[in-house]
Each structure stands twice: as structure tokens, then as C-alpha cells.
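Number of protein chains: 4
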Amino acid sequence: MKAKAAVLEQFNEPLAFREFDVQPLAEGEVLVKIAAAGVCGSDVHMWRGKDPRTPLPIILGHEGVGFVADTGGEKRGLLGRVLRPGDKVVWERGVMCGKCYYCVVRKEPSLCPNRKTYGISLSCAEPPHLRGCYAEYLHLKAGAHLIRIDDDIDPAVLVAASCSGATAAHAVEVSRVRPGDVALVVGPGPLGLFAVAFALKAGASRVYVAGTEADRSRLALAEQFGAAGTLCLVDTTPDERRQFLLDVTGGVGPNVVIDCSGSVRAIEENLPLVASGGTYSIPGIAEPRDLLSVDLFAWLARKNVGLQGVWVSDTDHLWQAVQLVLSRAYPFEKLVTHAFPLADAMRGLEAVEKCEAVKAVLKP
Amino acid sequence: MKAKAAVLEQFNEPLAFREFDVQPLAEGEVLVKIAAAGVCGSDVHMWRGKDPRTPLPIILGHEGVGFVADTGGEKRGLLGRVLRPGDKVVWERGVMCGKCYYCVVRKEPSLCPNRKTYGISLSCAEPPHLRGCYAEYLHLKAGAHLIRIDDDIDPAVLVAASCSGATAAHAVEVSRVRPGDVALVVGPGPLGLFAVAFALKAGASRVYVAGTEADRSRLALAEQFGAAGTLCLVDTTPDERRQFLLDVTGGVGPNVVIDCSGSVRAIEENLPLVASGGTYSIPGIAEPRDLLSVDLFAWLARKNVGLQGVWVSDTDHLWQAVQLVLSRAYPFEKLVTHAFPLADAMRGLEAVEKCEAVKAVLKP
Amino acid sequence: MKAKAAVLEQFNEPLAFREFDVQPLAEGEVLVKIAAAGVCGSDVHMWRGKDPRTPLPIILGHEGVGFVADTGGEKRGLLGRVLRPGDKVVWERGVMCGKCYYCVVRKEPSLCPNRKTYGISLSCAEPPHLRGCYAEYLHLKAGAHLIRIDDDIDPAVLVAASCSGATAAHAVEVSRVRPGDVALVVGPGPLGLFAVAFALKAGASRVYVAGTEADRSRLALAEQFGAAGTLCLVDTTPDERRQFLLDVTGGVGPNVVIDCSGSVRAIEENLPLVASGGTYSIPGIAEPRDLLSVDLFAWLARKNVGLQGVWVSDTDHLWQAVQLVLSRAYPFEKLVTHAFPLADAMRGLEAVEKCEAVKAVLKP
Amino acid sequence: MKAKAAVLEQFNEPLAFREFDVQPLAEGEVLVKIAAAGVCGSDVHMWRGKDPRTPLPIILGHEGVGFVADTGGEKRGLLGRVLRPGDKVVWERGVMCGKCYYCVVRKEPSLCPNRKTYGISLSCAEPPHLRGCYAEYLHLKAGAHLIRIDDDIDPAVLVAASCSGATAAHAVEVSRVRPGDVALVVGPGPLGLFAVAFALKAGASRVYVAGTEADRSRLALAEQFGAAGTLCLVDTTPDERRQFLLDVTGGVGPNVVIDCSGSVRAIEENLPLVASGGTYSIPGIAEPRDLLSVDLFAWLARKNVGLQGVWVSDTDHLWQAVQLVLSRAYPFEKLVTHAFPLADAMRGLEAVEKCEAVKAVLKP
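Protein chains in written order, with the working numbering: chain P, 1 to 364; chain F, 1 to 364; chain C, 1 to 364; chain G, 1 to 364.
Treat the hints as calculated values from the structure; they're not laboratory data. None of the hints are false.
Any copy will do: because identical chains look the same in the list, a pair fits if it lies in one copy or spans two.
Pairs of lysine to aspartate or glutamate, DMTMM-like flavour, derived with a Cα cap of 25 Å:
id, residue 1, residue 2
1, K141, E74
2, K334, E356
3, K2, D70
4, K88, D247
5, K88, E29
6, K50, E356
7, K303, E287
8, K116, D295
9, K303, E108
10, K50, D295
11, K141, E29
12, K303, D51
All chains should be built: construct the whole structure from the sequences, respecting the hints.
Next up, the structure:
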């Protein structure tokens with residue numbers, strides 16, 4: 001059997017469409033027929049060569065939902081049920097070693113030093129080649145964690161759970177939201193919209209969302225996700241935003257800020273506003289940034305505030321994101337603003353690069 | 001100034017309507033004009049003499065919402081704003097000492113050995129008499145914790161937050177819900193309906209609710225609160241309920257059970273079903289019950305399960321309950337099925353005793 | 001190569017000494033030369049046939065420390081260093097699947113439904129036979145978690161960390177000790193002595209220990225582990241013990257009880273004494289027991305107390321136990337009261353059955 | 001009755017010795033005869049005028065241990081026992097309002113916006129004057145939290161628990177130490193030495209301590225508190241320290257750093273070394289400092305690390321510190337290197353300013 005895939009061979013050049021021989025499955029491996037692959041902002045970064053460690057050639061795509069095509073021997077999903085051809089599945093995008101300090105002692109496999117990611121750090125140069133989701137088939141490693149989806153949900157709606165959703169779950173977990181808290185989410189892309197929903201699910205009574213001019217339609221969407229209010233940077237001055245956030249919190253500031261913008265300026269603006277005892281988490285920082293000058297006394301020490309890093313996610317967070325989407329309590333179907341056939345993968349990258357799409361998916 | 005109040009003078013006899021002189025306020029005390037008082041199941045218990053420690057005579061009513069009538073000197077709400085006549089307020093129903101091990105070391109003031117409760121353990125025999133909410137005015141002690149409500153919400157809708165809501169917040173807190181968990185709430189009265197909402201807010205992906213024949217309309221209301229499904233005891237056998245709960249959880253059982261029923265039989269039925277690693281909390285046990293025979297190995301040890309007591313609540317939980325109602329994310333207005341003038345307090349007690357009401361309120 | 005092992009072929013009969021061919025190692029497997037194997041109370045239970053699910057024939061022994069004899073390809077310890085022949089190692093005694101809900105979502109692999117244990121649930125009937133520690137060599141599965149021990153500690157001293165120590169770590173973890181708490185440990189065997197040390201390490205200011213007549217020397221050892229006082233059941237009445245525990249806690253009772261005795265009577269005696277807000281954990285319940293009649297109101301609900309099961313342990317707990325022993329802060333060398341050559345394994349079982357030993361080890 | 005006190009009337013001038021009339025006690029107030037007052041580094045700062053908000057005139061001294069001289073009516077200690085003249089006591093140095101959001105909802109009274117501190121923010125200008133510990137008597141407010149000490153411990157040994165000890169407890173609490181972790185404490189003054197002990201009590205398997213030339217004798221003392229090793233800045237280069245910390249942690253770095261030095265350079269050196277998933281807390285930052293340039297990606301985001309502020313402490317932490325000292329598990333008696341009569345208070349300030357003392361106490 002052959003499988004087509006969109007391959008990044010040279011940075012900044014159009015993806016190449018190649019055909020690979022599907023390889024036989026070893027014990028525990030799974031072949032998945034991709035139903036929908038997500039185009040993530042980091043795919044654009046990789047295509048642009050902003051992460052020069054990217055192993056070329058590579059099939060992009062670390063977000064995906066699909067159907068089991070075949071399994072190497074008996075393979076079970078997370079809940080112990082045997083997987084059969086045709087089962088709809090999502091899977092953990094990270095490949096962790098499962099036997100290091102971070103995997104089994106600290107139980108934070110997102111920090112596993114041996115972690116690799118489909119579509120990000122696994123090249124297609126060697127067999128079995130099919131290690132990214134911009135393809136007809138994905139060849140999963142033996143230890144893969146799969147969740148069988150019995151629900152009839154559209155795969156395209158679930159696809160963002162596999163990366164943005166899981167990372168948002170992780171960010172909210174480390175943000176120590178307490179019931180009744182007020183949260184601010186900065187950056188209303190897929191990560192931020194999931195963060196709105198997860199912050200509410202973690203007990204926040206109200207979530208406000210801040211975004212740029214380019215985010216205007218996303219801010220409107222944030223309100224449909226339950227945001228209590230939004231702030232657009234072009235309509236307001238920093239002072240007005242500060243005053244607004246104090247007004248809506250009885251003068252104490254937001255208890256939690258989840259900054260999905262990756263912008264150092266956003267941190268400079270908002271970190272000083274966190275309520276005493278609160279947390280500022282930065283899931284949006286995924287690559288090196290300019291240094292941030294921190295007023296240790298006024299911003300952190302005097303107020304017992306924590307500035308908290310967030311690195312990717314693990315299967316626990318994927319599980320949370322999948323349950324959240326399946327609960328139908330939030331309009332995740334509205335996240336998917338663009339869908340393209342696999343052959344138009346470049347249009348997907350462009351729609352994301354230009355911020356036209358909230359979430360774009362490819363359907364092989 | 002005089003204030004009317006409904007006084008329990010003899011168990012099982014109609015409440016007596018008495019007039020008391022409103023006393024001058026000492027420093028820090030607050031006089032509240034009651035806008036709505038809740039009729040709680042435990043009011044019925046007290047009236048029936050089931051708790052013989054009840055100090056007679058007593059003005060019943062520990063749930064209430066009202067307006068500031070006067071303050072003894074400058075008095076501030078939780079967020080530091082000065083309270084003025086006319087401000088809508090709720091308050092912590094418990095009076096804690098604020099300086100014992102439980103109040104200041106363990107920070108669980110619900111366990112304060114000096115805790116007293118308006119309408120439950122403070123008699124009206126001595127001045128200032130007005131220590132319960134079945135009255136025109138309530139005279140709050142100097143250390144009272146008040147939350148000013150700027151929202152235009154109907155006081156009757158907020159009233160259940162001050163007892164059932166706060167207790168449900170406490171129950172969910174000790175139940176250690178994890179994001180994505182499946183929860184079962186047993187007993188869909190006001191406590192149980194708040195527990196449904198709080199379990200969802202604590203991250204549960206789905207909440208199921210079980211109730212008796214008398215709970216049928218409450219089960220329907222539970223679905224409006226977001227319950228994923230309900231189980232009525234007269235329509236199903238224990239085996240069918242067990243099978244249902246296994247089916248909807250992929251065979252593992254509910255991760256969390258919050259038992260608001262106070263029924264030992266319910267615990268016998270449901271404790272064995274808790275998923276490994278889960279928690280069974282019992283906020284419904286508020287008075288002595290028959291002994292429960294526990295299979296330590298099969299129900300707890302083999303599965304890492306905890307059986308967890310929950311005793312009343314504190315101001316943190318009250319805050320959570322108020323924020324939850326004000327968030328408008330759940331139809332709490334539907335909880336209030338009956339409202340009576342204060343003069344008809346007996347009708348309120350009857351509506352609750354006969355399970356006709358979900359929540360009945362008195363409006364002085 | 002051949003390896004000798006002590007095999008349980010028939011319940012209640014002397015172990016048989018057999019020789020097995022050492023099998024070649026598959027990728028990731030490890031052959032360990034056993035330096036010391038612990039004789040655990042559950043070994044006696046298995047030998048006596050009290051757990052009829054025991055797969056016969058079986059090489060007993062789930063506690064062990066040894067030296068790497070060979071590895072199937074490159075194999076790394078938890079901290080990422082390549083394991084070489086001669087390295088001193090301990091390993092997780094449980095074999096978990098690493099891809100189920102409990103392993104990767106809940107991160108409680110002790111609850112993995114596919115969990116097997118060397119020396120408990122893996123028979124020696126099939127190759128590679130060497131699946132227990134009462135042997136010259138142990139053949140570990142490919143996913144095994146190994147900790148390399150660079151310290152020159154005597155293997156016999158470390159051996160109890162691999163089962164009792166890890167389980168005690170787990171028990172203390174779920175017991176929610178708060179800094180300054182007073183704890184009571186019931187049953188001062190290896191599990192209980194580790195629990196004393198872990199409770200102190202978890203912040204307990206004082207730990208008291210209760211034991212039976214047979215535990216008298218163990219109670220003396222508990223004081224060397226830092227116990228603030230001990231209670232021997234033959235020297236005191238239940239009322240005296242109750243009064244003692246109230247006296248030393250200013251009248252509130254112990255905040256935490258860790259019951260390693262497995263005795264239902266001990267729970268009946270001590271559960272009512274737990275301080276409000278405290279936890280009673282039962283790591284000693286490892287097999288079915290008589291039912292416990294629980295006064296839900298007085299023992300749990302009225303006091304916010306939790307009764308908490310504890311099932312085995314995982315690699316996190318093993319890590320903690322190893323670090324604790326290596327810290328040299330507690331006299332674990334005194335735990336090892338008896339050592340026998342492998343050929344005298346029966347004497348080891350007898351010393352444990354008769355409570356003569358605190359910990360007995362076999363040295364192949 | 002008259003009471004002598006050492007009063008700061010002008011910055012940088014010798015303290016003046018004044019006599020005040022002891023005022024009558026209102027309900028709930030307590031008059032304490034000071035047995036030992038601690039000289040804290042911040043007393044020196046105040047004397048030097050480095051905190052110009054200091055209300056002059058003021059009796060310095062926020063650390064103290066004493067004996068009850070009299071009480072305003074019946075007054076009880078934290079455990080509910082009535083306080084009688086002659087009882088040895090310590091007390092919470094902060095005066096919190098007990099009814100704001102931080103006191104009763106968030107339960108972090110160290111963040112109470114109304115918090116005042118004896119000896120720091122309460123002037124002696126107005127009656128009852130005696131609001132600091134550099135005096136024969138201290139007049140405590142009605143809501144004071146007191147712990148009765150039945151132990152015969154020397155008051156001078158306990159005195160540091162009331163400020164450094166409590167703050168260290170708070171720092172370790174927010175540092176999220178996990179059992180088996182390796183910790184680094186920077187700055188081995190009283191705060192740092194308490195942090196060593198608390199980190200060990202919180203489960204750290206090993207604690208390393210770094211200090212300056214002036215700290216040399218304190219580093220030796222740290223080893224007596226259980227430090228696994230020490231680093232003196234004059235004996236080592238930053239690279240050597242970095243290599244040492246990687247070597248002793250198997251290459252991963254310390255999981256937790258508790259920085260009691262208040263030095264921005266120390267943070268620049270050590271924050272990059274924190275292990276993935278770890279926490280860097282900064283209890284040493286008690287006044288404004290230079291800005292810290294943070295590499296958000298490399299130091300925090302990529303590693304899931306948190307940079308965490310710590311502000312003072314509350315009664316929970318005081319309780320922990322008192323229990324820790326009373327446990328006799330650490331040589332706190334060696335902390336007290338200097339003792340002076342109250343009349344020599346200036347010598348105490350000098351001994352602390354010159355780093356001659358670890359802890360200096362005044363004995364009125």
C-alpha cells in the first residue's frame with residue numbers, strides 16, 4: 001500500500017507531495033488513516049525555518065484525528081478496549097520513553113528528555129516514513145497512547161484537542177485556579193480559547209480575554225466560549241485596560257493570567273496586575289524571546305505571585321481536552337474556520353500565518 | 001424600632017410570631033433587613049425536635065440575603081468596600097472564633113470548636129434577640145463576614161448559596177475531582193443541584209444524578225444544570241444502575257461520588273462502584289445514622305478509594321457559591337419553586353417537609 | 001549459564017531448589033545478579049496458600065537489590081545513565097502497561113489493571129523462568145524501571161525500600177500530613193517503621209507508634225527512628241491509650257493515623273480518635289478482612305475525616321524510599337535483624353512468620 | 001505599672017530608653033512580659049531608615065517569646081486552653097483583620113491588606129504604647145493568636161521561630177518540595193537555616209547551602225542542620241558551583257531553590273540551574289531591588305519552572321516553626337550566638353549589621 005504525504009524538504013519552499021510505501025506493523029504499532037490534521041502555528045514556524053533543529057525532510061502535522069487502519073497484534077485504547085479497524089481515535093502526539101525520572105518518578109512526561117513528537121522531531125527520511133499528520137496515513141510507534149472515540153463527533157472539531165487543547169489543560173493545571181477566581185487569558189487563538197474553557201472548568205467565575213487587532217473575530221468567539229468580557233488592544237490604552245481589570249475585580253486584579261500570546265510586552269503589561277497570591281503562566285512562550293525585566297519586589301515578592309513556565313503537555317492533558325470537547329459545553333465546532341484538502345496544505349499554512357483562520361484543518 | 005420574627009418555642013408546635021426591640025449596634029455589628037430567608041431541610045428537623053440540642057426559643061433561618069439597615073461604625077465587606085445602608089449583602093452563617101487552631105493554623109474554620117450558627121445555635125432569649133433569618137431584621141455579630149452584591153440578582157435566587165451552595169462547594173473541594181472525571185451526585189435537592197454545578201466547575205466532564213421517586217422533578221432540573229443523565233430509583237434496579245454507571249464510564253465506575261442523600265443504603269449501593277483512586281464524600285450526613293458495614297479490602301484498600309466526611313462550610317465556600325450563582329451559568333432561578341410571606345413560614349416548612357419544594361423562601 | 005532459585009511448588013510445603021537456564025536477553029531486558037532478597041510478610045501468606053491466586057510454580061521474592069549482570073542492548077537507569085555490568089541497582093517490583101488510563105492519564109500506575117509483580121504474580125513455569133528474587137539471578141522485563149545506586153550502601157539495608165518503603169511512601173502521600181501534625185502509626189513492622197520516617201519527612205512534628213506484645217522490640221526500634229512515644233497493647237487499656245493520645249495532642253487527637261497493622265480492631269479503636277480534618281489510611285489491609293462497622297456521623301461526617309485506602313506503590317514511591325534510606329537520616333541498618341543464605345530460605349520465612357525478625361534477607 | 005522600652009525616635013541615632021505606663025487591658029487583650037526579643041535584619045534596616053514608612057517613634061522588635069502577665073478577661077491559646085499569668089507564650093507577629101477576602105476566602109492572611117506588625121508598623125506614640133518587643137512588656141491586641149508553650153525550652157531558642165522560622169515555613173510551602181527532591185538554599189542566616197530544616201521536613205532527600213565569605217561559620221552550622229554540602233562563594237567560581245550542583249543531582253539540577261539571600265545576582269546564577277518542573281522561591285526579597293532580566297524561554301517556559309514570590313507568613317507558619325523547634329530534631333540552640341540585656345540593644349543591632357551574629361537576642 002502507498003500513502004501520500006506533504007513533505008517539508010526545504011524551509012520556505014512549498015511542501016512537496018510524496019508517496020511512501022506503508023511499512024508492516026511491528027507488535028504494538030498502529031496504522032491510522034488520517035481523517036483531519038490540524039495546521040498549528042508552529043507548523044508555520046517550522047516551514048519558515050524559525051526552528052532550525054527541524055529534521056528535514058519531514059511530514060508536518062502533530063495534530064490529528066483518524067481511524068484505525070491496522071494494528072500490530074492486539075492493541076488496546078486507554079480504557080482497555082481492543083482497537084479494531086475503523087475505530088475513531090486520537091493519540092498522544094509526544095513519544096516519551098516511559099522509564100526515566102520525569103516519566104515515572106515525577107510523572108511529568110512532558111519533561112521527558114527523550115520526548116519526540118510526530119510531525120515535529122521525527123523525520124520521514126527513514127522507514128516507516130509516515131511520522132506526521134499531513135498525510136493519508138500515520139504510522140504510530142509501539143508505545144502510543146490512543147483514545148477510542150465512540151462519539152459521532154466530526155474529526156475536524158476534535159483535532160485541536162490534540163495539541164492546543166492539551167497544552168491549555170496543562171497551562172490551567174499549573175495556574176492553580178481556585179473556585180471563584182477571576183482569570184485573564186491573553187491571546188484568543190485556539191490555545192487561548194481552550195484556556196478560557198479550561199479556566200472556567202477549573203472553577204474561575206469569570207474569564208476576561210485580551211487580544212490584538214488581528215484577533216477581533218476571535219475575541220467575539222471568546223464570548224461564545226463564556227468569556228465575561230474582552231479587551232482589544234487597538235481600542236484601549238494600557239491604562240484603560242488596567243483600570244478595567246481592577247474595576248471588574250473589586251480592585252484586586254485578576255487572580256490568574258494565562259498568557260497564550262507569547263509576547264514579552266504582554267507580560268510587562270499584565271504581570272504587575274496579578275492579584276496577590278495569584279499566578280501568571282506563559283504557555284505562549286514556545287521559542288526563545290527577548291529578556292523580560294522583572295521587578296522582583298513589586299510584581300512577585302510583595303504579592304506572593306508566581307511566574308510559571310508551561311512546556312507542552314502529556315496524555316493526561318490530552319484526555320482532559322478530549323473530554324472537554326466531547327462534553328459539548330463549549331462551541332468548539334466554531335473553532336474550525338477553514339478546511340482544505342491535503343493537496344492544498346500550503347493554503348492552510350497561509351491561512352494560519354495571516355491569522356485568517358482560528359483553526360485550519362487538512363482533510364486527506 | 002421593632003422587628004417581627006417567627007419563633008420556635010416548642011418542638012412540633014406552630015412557630016410563634018413575636019416582636020422584638022431592635023438593639024443598638026456595637027462597634028462592627030451590622031443590622032440587616034432580610035429580603036429573603038431560605039427554608040432548609042434542617043429547619044424542619046429542628047422544628048420536629050430531631051436535634052434536641054436546639055436552644056429554645058429560637059428564630060429559625062440560617063439562609064438569608066438582605067440589605068444593610070445600619071452598621072456599628074465603619075464596616076467593610078470582604079473586598080474592603082465600606083458598607084452603606086441599602087447595600088445588598090449575604091453573610092457567612094457561621095460565627096467562628098477566628099483565633100483557634102482550626103481557624104488560624106489549619107484554616108478550616110468549619111471545624112472551629114467555638115462555631116455557632118445564626119438560626120441554629122443562637123437563641124433569641126437574650127438581647128439582641130434577632131439571631132435568625134425568619135425575621136424582618138437580623139442582628140449580625142461584630143466579626144461577621146459580609147459580601148456586598150452589586151449585581152441586580154433577585155435575593156431569593158441567591159439565598160440557597162448561603163447554606164446548600166457553600167456546603168456543596170466544600171463537598172466538591174474534598175472530593176478531589178480531576179479534570180475529565182465522571183461524577184455521580186446522589187440526592188438532587190438544593191445541595192445536590194449545587195453539587196452538580198460545582199462538580200462540573202471542578203472539571204468533571206460528566207455528572208450523573210440519582211434520586212428517589214420524590215425527586216423526579218428535581219432530576220429533570222438536574223439535567224438543566226448540566227447533568228449528563230439521571231437515575232430514578234423506582235425505575236431501575238440496583239443492578240441496572242450499576243450496569244449503567246459502568247457503561248458510561250468505560251467499565252471503571254464514577255471517579256467521584258458526592259452523596260447528598262444522607263442515606264446509608266445509598267452508600268452501600270454506590271461505594272463499591274467508585275473507580276480506583278476515587279473519592280466518596282458524604283455531605284448529606286448531618287445527624288447520627290445507622291452504622292455502615294464497610295468491606296475495607298474490596299471497597300477501599302484494593303482500589304485506593306477514600307470515604308470522606310464533609311462538615312458544613314466556611315466563608316471561602318460561601319464566596320464560591322455566590323460567584324457561581326452570579327456567573328449565570330446555571331439556572332439557579334429555577335431552584336426557587338416556592339415563596340411565602342414570613343407570616344406563612346409554616347407553609348414553607350411543610351412544603352419542604354413534603355418535598356414539594358426544591359427551595360422555598362420566606363419574604364418578610 | 002544456570003541459576004539456582006527457591007521455588008514454591010506446593011502451598012505449605014518446603015520451597016524446592018531448582019536450577020534454570022538463564023535465557024538470552026531481548027532488547028531492553030536486564031539480567032540482575034541478586035545481592036539480597038527481602039522476605040516479606042506476604043511471602044509467608046503466599047507460602048501458606050492464603051492467596052490462592054498465586055500462580056504455581058513460582059520463585060518467591062518481590063523485594064531485592066542486586067548488580068547488573070547483563071543488558072539487552074543499551075539500557076539506562078531513571079536518571080539517564082547507561083547501565084553497565086556490575087552496577088548496583090534496585091528496580092520497581094511492579095510491571096505496569098504504561099499505556100492505560102491509570103498509567104498515563106491518572107498517573108497512578110499502582111492501579112494499572114494490567115499490573116504484575118515479580119515474585120507474586122509471575123510464574124516460573126515458562127521461560128525466562130527467573131521472575132522472583134529468591135534466586136541467583138532475576139530476569140527483568142524490557143520496560144523495567146531501574147535506579148542505579150552509586151552509594152556504597154550494603155544491599156541488605158536497601159532491600160526493604162523496594163516494597164515496604166515504597167508502600168509506606170504511598171500511604172503517607174495519601175494521608176495528607178500537614179507540617180506540624182501529630183501522627184499515629186499502628187503496627188511497627190518494616191512498613192510501619194518506614195511510615196514513621198516518611199511521616200516525619202512529610203512534616204509531622206511528632207509520631208507515636210502502637211504495637212502488640214510481639215512488637216515490643218520493634219517499638220523500641222521505632223523510638224530510634226524518631227517516634228516521640230510508643231504504646232504497647234498489653235501494657236495499656238484502650239481507655240489509657242485514648243487518654244494518652246488526647247493528652248499529647250492538646251485534646252484534639254492525632255491528625256493522621258497510618259494503620260499498618262491490617263487489624264479491623266485497631267481501626268475500630270483508633271478511627272474515632274482522629275482529629276477533625278484528619279485522615280486514617282489503611283496500607284495494612286492487603287487481603288480481604290471482616291467488615292468494619294462505621295459510625296458515619298461521629299467518626300467521619302461531623303469531623304471532616306477521611307478513611308483512605310492505599311494500594312501497593314509505584315516507581316515514584318520506590319524513588320522516595322531509596323532516597324530516604326540513602327539520606328542516612330534514619331537507622332535502616334537496624335531493620336535487618338536476620339540474614340540467611342538462599343539455601344536457608346525456609347528459615348527466613350519462619351523468622352518472619354513468628355515475628356522474630358523485623359526484616360529478614362536472603363543472600364544468594 | 002511602668003515598662004521600659006528601647007525606642008527608635010530618629011533614624012541612625014541610638015535607640016532611646018523610655019518608660020511607659022502600662023495601660024489597662026480591654027477584653028481579649030494580653031499583656032506579655034518579654035523573656036527574649038530577637039534582633040532581626042529588618043530591625044537594622046528600619047534603624048538605618050531604609051524603610052522610610054517606619055512610623056516614628058516606634059519600639060522595635062517583632063520577634064519575641066514571653067510570659068503572660070495579665071489578660072483582659074478570659075483568653076485562650078490556639079488549642080483552647082485558658083491562658084494564665086506565668087504561661088510561656090509566643091504569638092503571631094502580624095495583626096490581620098480576619099474578615100477580608102485574603103483572611104477568610106483565600107485563607108492567606110499574610111496578604112491581608114490591613115495587616116500591621118508589632119515592632120514594624122505600630123508606633124508607640126499613642127497608648128497603649130507597648131507595641132514592640134524591645135521592651136519589658138508587650139501589649140497585644142484583642143484578636144492576638146497565642147501559642148502556649150508547655151515545654152521547658154529556653155525562650156531565646158524559640159524566638160527566631162516567630163519571624164524567620166515562620167517565613168521559612170511559608171517559603172517551603174510555596175516551593176512545592178516533593179519527597180526525594182534535592183534543594184538548594186541560598187543564604188544561611190536564620191531564615192536560610194530554618195529553610196534547610198523545613199525543606200528536609202518537606203521531604204527533600206538532600207539540601208545544599210550556598211553562602212558568602214561572611215557566611216562561613218553559618219555554612220558550618222548548616223551542616224549541623226543536616227545540609228548535605230555547602231558552597232562558599234569565595235572558594236568557588238560560578239562554573240564550579242554549577243558543575244557541583246549538576247554532579248550531585250545526576251545532571252538535572254536542584255528541584256527547588258529557596259533563595260534567602262535577597263541578591264539579584266544569586267537569582268541570575270541559580271535560576272538557570274533549576275531542574276525541569278522545579279520552583280525558585282524568593283523569601284529573601286523584602287524590599288525593592290534592581291530589575292532581574294529573565295530568559296523566559298530557557299529558564300522558565302522550556303522547563304516548566306516557576307519563579308515564586310513569598311510574602312511574610314501567617315499563624316499556620318508560626319505554628320509549624322514552633323513545632324519544628326520543639327521537636328528537638330535540629331540544633332536551633334546553636335542559632336543564638338549573641339545575647340544582650342535590653343539596655344544593650346544597640347550592641348545587638350551592631351552584631352547583626354556586621355554579620356557577627358547568626359541570631360542575637362535581647363533579654364529585658
